[in-house]
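For the record, the sequence lines run as chains D and L.
Residue numbers 41 to 309, in this note's numbering, belong to the letters of the first sequence in order.
Residue numbers 36 to 269, in this note's numbering, belong to the letters of the second sequence in order.
Calculated from the structure, these hints are not laboratory results.
Careful, some of the hints might be misleading.
[Unchecked claim] Keeping only pairs whose Cα atoms sit at most 20 Å apart, straight-line, the calculated DMTMM-like set for lysine to aspartate or glutamate is:
{"#": "1", "chain 1": "D", "residue 1": "Lys-240", "chain 2": "L", "residue 2": "Glu-159"}
{"#": "2", "chain 1": "D", "residue 1": "Lys-168", "chain 2": "D", "residue 2": "Glu-250"}
{"#": "3", "chain 1": "L", "residue 1": "Lys-94", "chain 2": "L", "residue 2": "Glu-159"}
{"#": "4", "chain 1": "D", "residue 1": "Lys-88", "chain 2": "L", "residue 2": "Asp-217"}
{"#": "5", "chain 1": "D", "residue 1": "Lys-273", "chain 2": "L", "residue 2": "Asp-37"}
{"#": "6", "chain 1": "D", "residue 1": "Lys-297", "chain 2": "L", "residue 2": "Asp-37"}
Remember, predicted model here, so these are calculated numbers, not experimental data.
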Amino acid sequence: MVVIVKALLILAALAFPAHAQQKFITLASTTSTEQSGLFRHLLPMFEKNTGIQVRVVALGTGQSLDMGKRGDADVVFVHAKPLEEKFVAEGFGVKRFEVMYNDFVLVGPKSDPAKVGGTRDIVAAMHKIKAARVPFASRGDASGTHFAEVELWKLAGINIAKDKGPWYRDTGSGMGPTLNTAAGMNAYALTDRGTWLSFKNRGDLVISVEGDQRLFNQYGVMLVNPARHPHVKKEMGQAFVDWVISPQGQTAIAGYKIGGEQLFFPNAK
Amino acid sequence: MDTILQAARGAFDLITSGDRTLAEIVLLSLKVSISAVVLATLLGLPLGAAIAVGRFPGKRAVVVLLNALMGLPPVVVGLVVYLLLSRAGPLGGMGLLFTPRAMVLAQAILVLPIIAALCRQAVEDAWIEYQEQLRSLGAVGFRAALTLVWDIRFSLLTAILAGLGRASAEVGAVMIVGGNIDGVTRVMTTTIALETSKGDLPLALSLGIVLIALVIALNAAAMYVKEAAQRRYG
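Please take these sequences and the hints and turn them into a complete structure.
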């Protein structure tokens with residue numbers, strides 16, 4: 041089996057010969073940073089400064105961290121602090137740096153069947169949605185946003201794994217597909233603001249709840265541990281980490297706007 | 036309906052605009068899928084022919100298995116190739132994950148059973164018909180099989196085109212092993228999936244129309260080449 045695979049790979053190399061070594065790193069990151077357009081704004085600047093190309097594989101936070109654990113990425117850039125701290129504590133990452141934040145918003149149908157519009161209290165809103173049993177579309181994919189959603193249910197005293205009913209639609213997919221589903225069935229959904237602002241197929245959905253401190257969404261960056269995976273490009277990877285938390289990188293993050301609205305707020309220490 | 040009309044117009048604009056990014060994505064799609072089909076053909080035709088003329092215990096089981104493998108789920112193939120090529124996997128040292136080569140490998144694995152199974156059937160039918168003749172000419176075993184493959188080469192084109200259809204249409208495998216990296220491993224189907232998840236459905240559909248047009252053009256080209264060759268060598 042492995043022999044056949046190797047033979048196929050050698051033949052495949054004929055179609056795609058190795059190019060003169062281009063300097064690049066592989067970055068495992070989240071769909072929110074990629075699909076909001078932040079990376080398209082940020083990475084060309086980094087590449088211009090350093091000559092290092094950044095190849096982004098955009099997955100949920102859980103899957104991105106798993107990519108780092110397997111050694112398939114050089115740098116991980118995600119948003120679920122407890123999971124990131126665990127990743128570093130277990131020796132998969134070198135050190136975690138805070139980069140920026142944005143916030144989550146609760147979106148829902150304009151008609152607002154759960155009557156949550158206008159409040160700032162996200163926990164009360166979660167309560168009302170559960171009580172009214174109106175459709176709620178969840179990521180259900182172990183992503184950072186899914187993780188944050190489960191935490192919010194917990195704060196509302198709801199064990200969503202146990203208390204969910206047919207109203208709770210577990211889509212098991214990325215932010216975009218989940219919003220497509222929510223728009224299709226007029227459901228509430230938790231989304232990061234960046235994806236929401238750049239999302240086009242909104243249907244009847246509008247922002248229902250925003251501005252609660254508990255909707256804060258922190259992003260962190262870490263180099264995958266070269267002690268565990270010797271092939272990790274540590275100099276180039278570290279150069280990227282250093283750059284995004286440098287004044288220059290931070291200014292570049294603050295400069296990214298959609299329709300005049302700033303999407304991410306740099307807060308590296 | 037509006038979206039569909041908008042998408043059709045968008046597809047036309049995309050094709051006529053000569054957009055460079057789109058051209059690169061189209062080119063990569065073609066290179067990956069055609070390479071995969073070439074590899075699968077090189078392996079699949081002899082394999083299918085050998086099974087067709089061979090007499091060995093468990094042949095029926097092999098045929099059933101081969102036919103069933105035509106329905107290999109792309110996402111499973113993608114996952115297996117991912118685990119093989121991952122740094123933590125047996126071939127991790129080659130560092131091939133998230134490269135076009137990995138995508139060629141995954142698609143070749145998907146296409147191989149299709150070409151082999153369809154070839155097996157075609158050669159078996161021809162074998163029943165020409166067995167006596169071939170025997171009297173002294174052609175036996177694998178050599179007879181290859182003679183048959185050559186004889187029915189024009190019919191086998193359909194098997195190869197079926198393989199190409201599979202390769203150019205699938206998204207599950209290339210998404211996992213390629214990672215849909217902008218400018219490196221982004222192909223037509225993964226771009227369509229990406230634009231769908233961004234909620235830009237008209238653009239996604241436009242790209243879909245471009246992809247279908249491309250597949251039709253490829254098939255038309257294959258048909259033309261086949262007819263020209265038949266006239267000349269038929």
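Hints, one by one, checked against the model:
In summary, the hint linking D/Lys-240 to L/Glu-159 is not supported, as the alpha carbons are separated by about 53 Å, beyond the 20 Å threshold. A distance of roughly 15 Å separates the Cα atoms of D/Lys-168 and D/Glu-250; the hinted pair therefore holds under the 20 Å criterion. With a CA separation close to 13 Å, the supplied pair L/Lys-94 and L/Glu-159 stays within the 20 Å bound. Among the hinted pairs, D/Lys-88 with L/Asp-217 is consistent with the structure: their alpha-carbon atoms are about 17 Å apart, no more than 20 Å.
Distance check on the hinted pair: D/Lys-273 and L/Asp-37 sit about 49 Å apart at the alpha-carbon level, beyond 20 Å; violated. Pair hint D/Lys-297 plus L/Asp-37 does not hold up; C-alpha atoms about 30 Å apart against a cutoff of 20 Å.
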